[in-house]
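Peer 1: Listed below are the residues making up each chain.
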Amino acid sequence: MMYTFSNRLRNLAIAFMVIGFLGLVYGFFTAPKTIEEAKAIVAASAHGDEHGASHDDASVEAHHDTTDAHGTDASHESLAAEEGGHEISHDEHVFHQLSNKPWAALYVAAFFFFMIALGTLAFYAIQRAAQAGWSPVLFRVMEGITAYLLPGGLIVIAILILSSMHFNHLFIWMDPEVVAHDKLISGKKGFLNVPFFLIRAFFFLTGWTLYRYFSRKFSLAQDNSNDISNHKKNFRISAAFLVFYIVTESIMSWDWIMSIDPHWFSTLFGWYVFASMFVSGITTIALITIYLKSKGYLEFVNDSHIHDLGKFMFAISIFWTYLWFSQFMLIWYSNIPEEVTYFITRIEDYNLPFFAMVAMNFIFPLLILMNSDYKRVNYFIILAGIVILLGHYMDVFNMIMPSAVGNQWFIGAAEIGGFLFFLGLFIYIVFTEITKAPLKAKGDPYMGESERFHY
Amino acid sequence: MSNKVIHALYDDDDMLLSAVKEIRSAKHHIEEVYTPFPVHGLDKVLGLEDTRIAIMSFIYGCIGLTVAIAMMNFIMIEDWPQNIGGKPSFSYLENMPAFVPIMFEMTVFFAAHLMVITFYMRSKLWPFKKAENPNPLTTDDKFLVEIELHDNEKELKALLKKSGAIEISIVEKPE
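Protein sequence lines correspond, in order, to chains A and B. With our numbering applied, the first sequence has no gaps in its numbers, which climb one by one up to 458 at the end. With our numbering applied, the second sequence has no gaps in its numbers, which climb one by one up to 160 at the end.
Some hints could be false.
Stated by the list, open to error - Just the calculated beta-carbon pair ranges, DEER-fashion: (1) Ala242/A <-> Phe89/B: 53 to 61 Å; (2) Phe43/B <-> Ala135/A: 26 to 34 Å; (3) Phe89/B <-> Ser337/A: 15 to 23 Å; (4) Phe43/B <-> Ser307/A: 20 to 28 Å; (5) Glu454/A <-> Asn(-12)/B: 42 to 50 Å; (6) Asp(-3)/B <-> His457/A: 16 to 24 Å; (7) Glu454/A <-> Ser108/B: 34 to 42 Å; (8) Glu454/A <-> Pro121/B: 39 to 47 Å.
As the list claims (entries may be wrong) - Listed below are the simulated SDA-like cross-link pairs for lysine to any residue, each with C-alpha atoms no more than 20 Å apart in a straight line: (9) Lys29/B <-> His457/A; (10) Lys72/B <-> Asp306/A; (11) Lys29/B <-> Ser307/A; (12) Lys72/B <-> Lys314/A; (13) Lys445/A <-> Phe238/A; (14) Lys72/B <-> Leu333/A; (15) Lys127/B <-> Val30/B; (16) Lys29/B <-> Asp306/A; (17) Lys72/B <-> Ser337/A; (18) Lys314/A <-> Val30/B.
To be verified - Quick partial rundown of chain A residues pointing at chain B, CB under 10 Å, derived from the structure: (19) Ser92; (20) Phe328; (21) Phe331; (22) Trp335; (23) Tyr336; (24) Thr344; (25) Met373; (26) Ser375; (27) Asn401.
If you are wondering where the hints come from, they were derived from the structure by calculation, not from laboratory data. These numbers were taken from a predicted model, which means no experiment stands behind them. Even for Gly, the Cβ is constructed at its ideal location relative to N, Cα and C.
Extracted from the complex, chain B is given alone in its bound form (with noise of 0.2 Å):
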């Protein structure tokens, strides 16, 4: 098994977008690709399954909603019960408009933040985590496709001129 990867550089999204498109078409398998900014569709064209962190999110709004009706429930009626708006009733049901406000903002509070961390976590992207990026091009203006080789230079090299690369190089990837 080589180690042996296919850098090709491209000036332009709509670019890479046909690019992508035209390696995948031959059967080229690619490793991943370095862009600036989010590329919309890339992950269409590069076949990628589709994100679950919707379901997770909803699922975090729950936790959080769940968390803020224990907490309300708890300061509010069972540790130090509190005469709300007039009405001593005593009791989370009644009393829940006043809380609505903060069940809401709990549950963007959970979905919001949870699902910031898990997106760093799945991008594994932590403090101090060294950049894998090869090309710091690719955090400027220039997207970068990684493609694995497998004695098919020539082939490869042709099909990504012909799709526009402004810079092709072949890298040896330490293990």
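Just chain A, same shape as in the assembly (with noise of 0.2 Å):
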């Protein structure tokens, strides 16, 4: 049976373009352009105290961080007074986490949304390598989201080269007056430097997309052949996939993500964001499954796939917790400074998203889906899977925000309408895929035993 995108999800999916559309253009034109500008906008902030619970403690305790400290308080203005040098540069630094701001909240949802369908893809290339008896019947919408893809990379990568063209200053080792001064940066010019860095990109959105297009290709010729050598090469490149995406997935986390903090490095962060990406990519799938469902859509999927993926969810939010805490655990410990910076500036100047994220992307789902008849009940499946993703969104901005925009961060109308704007665009492109191909992948020799499949 073919899928009809219907006007109502296409018109909330248009509907979120245009609102997010206008919370990123309303969020880059209130951005400082000036010095001044900026001056006028924390010295307003300064009485609303934006910031939330989070902040007050923080501003009290980041003292050693002086260049954070946020001009709140009178002493801070006669230490100003007196040292007329570091109010220049300070009030700089603000100017330019200011003006980094909505470009940050572009970023974060750019990324966030890109990762699902490359998470998907990943899950896709596994249930095909593995040969998985139970999955065949959710190829389909797996495929449906993977079209995401291509357009989301290019938007990353568009993001990355404006950055490069020096129109924001998300990373700092871009700009070579920083990388002069600072003798750490220079000592990875080598692999930091704008020409490798985006070949790099281009390399790894190629690949990706190449696997993408033939898998797609295959399983569609698939459908109409008498024999299985198309699921034989679609096992192939799978297996091959795998090996290409867990190295270039790794080296895109240090470049996409970990050199926007180009001092501080942690050497399971390409595990770290893989999980993140691998539980948002099952979470989508299971929520887009269900959705087609209850349009009467999928009538061969039943509550023991829901089930399976339901313990994926499951399984996937304690792996993504492991690796949080692994990492976090042995930095605490040793307590080195180059490192340790980095869970500082989290802990105090983003106390509430760094812990709600622990919250959402660990307790909840381990206390939602542990029992094992709720993992059949669609209710609980959505109601984890949206707090999942919200938490795996907030992940990713406790990964970029705090290096891009110090603690002038702000859940405003540029993160909210940067959110808006890319989950529009996914669920337009990823439903416009859905309709292009049967919903049941007929031809595919494991398709008889996912349909019978029963736990």
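Fit the two chains together into the complex; they arrive one by one in their own frames, and the hints show the way.
Peer 2: Okay, here's the thing in structure tokens:
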């Protein structure tokens, strides 16, 4: 049966894009153009205290990091009067952070939705390479989600190119002036330089897109084929892709996220980002499958398939927590200044999003998905799924924002707008792709097993 | 009340499942089924209640977590205060990340061990226990169904034969 993209959903997607676009435009428009404007914004927000509960104690404790002190109290003003030079550099710093803010909001949302498509592609390749018997009924849903890979990836790379052209200061190592005065970044010049960075980005996206193109092609060809040669080809390229993927995904995470903070490094960062994209991808598969089922499609998907997706959501949420904690504990324990600043800024300036993320990505799915029966109830999967997806948006937010905007963060028009814009685009592209092929990959040799799948 | 039972032997687990279904739909009471391995779905066709071991394991895990917290608090904070990772805060909460691996391990340890012990107790298995198993073949590759007899020998025998039993015998059960 073919899926038709309902007008209601299409209009919703377009509405998200329009509202999101307006939010982004507003964010860019209200970003300060000059240092004087930045000063005015900070002065105005000092009274309103837009940062929420975490900010009060954070600004008190964050004295060692004087460049980030908020300028809220009189003592700072008098101190600044004595040290005129410091005040200028501080204002310039805040100006850069504030002008980065809409860019960072755009980048977080663009990367988050791109990462869902890439995580789904990895999950799909694993099903193919493992010759899984339970999942072929979900192949067309996964193929629909991975359609977002190319457009989403191109948007992320477009933002990276704009950064390298100095439209923003997300990646400080792209500024030759900074690198010249920074011994650590100078030492990384062989790897962290703009041409090599962009070549890598295009190389990764090309590899992923080629796999997605051919596996989709073979999958469609298998539908009307008499032998299983297409299935075998898909098996081979999926196995090869997984090797390519885990290496390139890791380097991609250093390039696109870790290098925003070029002094800091974590050896398991690639795995950490992988866990995040993997669980987000699986959750999205579950949500879209349940949506399509509720509209009367995918009648061959039964509650055992949903149960298995629920198990994956539960398991990978715990895997993510394991990596999150492994990264945190070693750095916390050893307390080496150049490493531990990463978590000090997050705990002091991002207290609420940092710990809320752990509750959303770990405690909530742990408790709600632990019961076997709950994983068969669509309501619980949707509830857990929405919390997991928002939690992983917060995860990307926590990875990118602290280095990009410091303590000037705020979930405002640009952040919500960016999220809605890419959500709309994602829905639009994914559901358009799902309409293009029958929802049942009927030629797959494991289709019978998958349809009879019963736990 | 007679203590005569009928023993039907099967040599295939799928056949066993369908036989159990037939026997139950003919309203005979199955005392016990002996199998060489866990047969998937047998509990459902036998109409057994769902196991409560899952909720027990959750409770055991919570006990393990509590024991770990109390133990580490006593050892590392109260009895002999330790300077952990160069952060001499002497507070359990501030040093909590260092204890998370222990909290996790103790949770798993308690849940796993107590669950196994609970399972043995509920299955009436303990050291030096005499085997209840009526036929040693059920430890190899045969499946045995035990049904209570109420003067319906003939009818039952016919039913069992039809359901694919390879051997049917009537046994006097010692009280």
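Peer 1: If you take the shortest Cβ to Cβ gap from Phe331/A to chain B, is it below 10 Å?
Peer 2: holds, 7 Å
Peer 1: Could you check if Ser92/A really has its C-beta closer than 10 Å to a C-beta on chain B?
Peer 2: violated, 32 Å
Peer 1: Could you check if Tyr336/A really has its C-beta closer than 10 Å to a C-beta on chain B?
Peer 2: holds, 4 Å
Peer 1: Using the nearest Cβ pair, does Met373/A come within less than 10 Å of chain B?
Peer 2: With a minimum Cβ separation of about 7 Å from chain B (threshold 10 Å), the hint on Met373/A holds.
Peer 1: Quick check on a hinted range of 20 to 28 Å for Phe43/B and Ser307/A, using CB atoms only.
Peer 2: holds, 23 Å
Peer 1: Run the distance test for Lys72/B versus Leu333/A: straight-line Cα separation, threshold 20 Å.
Peer 2: At roughly 14 Å apart (the allowed maximum being 20 Å), Leu333/A and Lys72/B satisfy the hint.
Peer 1: Given the hinted pair Lys72/B and Lys314/A, is their alpha-carbon gap at most 20 Å?
Peer 2: With Cα atoms ~39 Å apart, Lys72/B and Lys314/A exceed 20 Å; violated.
Peer 1: Within a Cα-Cα threshold of 20 Å, do Lys72/B and Ser337/A meet the stated pairing?
Peer 2: holds, 10 Å
Peer 1: Can we keep the Phe328/A interface hint, with Cβ of chain B closer than 10 Å?
Peer 2: With a closest approach of 6 Å, the Phe328/A hint holds.
Peer 1: What's the verdict on Lys127/B and Val30/B, does the C-alpha distance respect the 20 Å limit or exceed it?
Peer 2: Answer holds: Lys127/B to Val30/B is near 18 Å, not above 20 Å.
Peer 1: Quickly compare the C-alpha distance for Lys445/A and Phe238/A to 20 Å and report which way the hint goes.
Peer 2: Distance ~17 Å between Lys445/A and Phe238/A Cα, so the pair holds.
Peer 1: Please work out if Lys72/B and Asp306/A have their alpha carbons no farther apart than 20 Å.
Peer 2: Since the Cα atoms of Lys72/B and Asp306/A sit roughly 50 Å apart, the hinted pair is violated (cutoff 20 Å).
Hints 1, 10, 12, 18, 19, 24 and 27, counting from the list given before, are not met by this structure.
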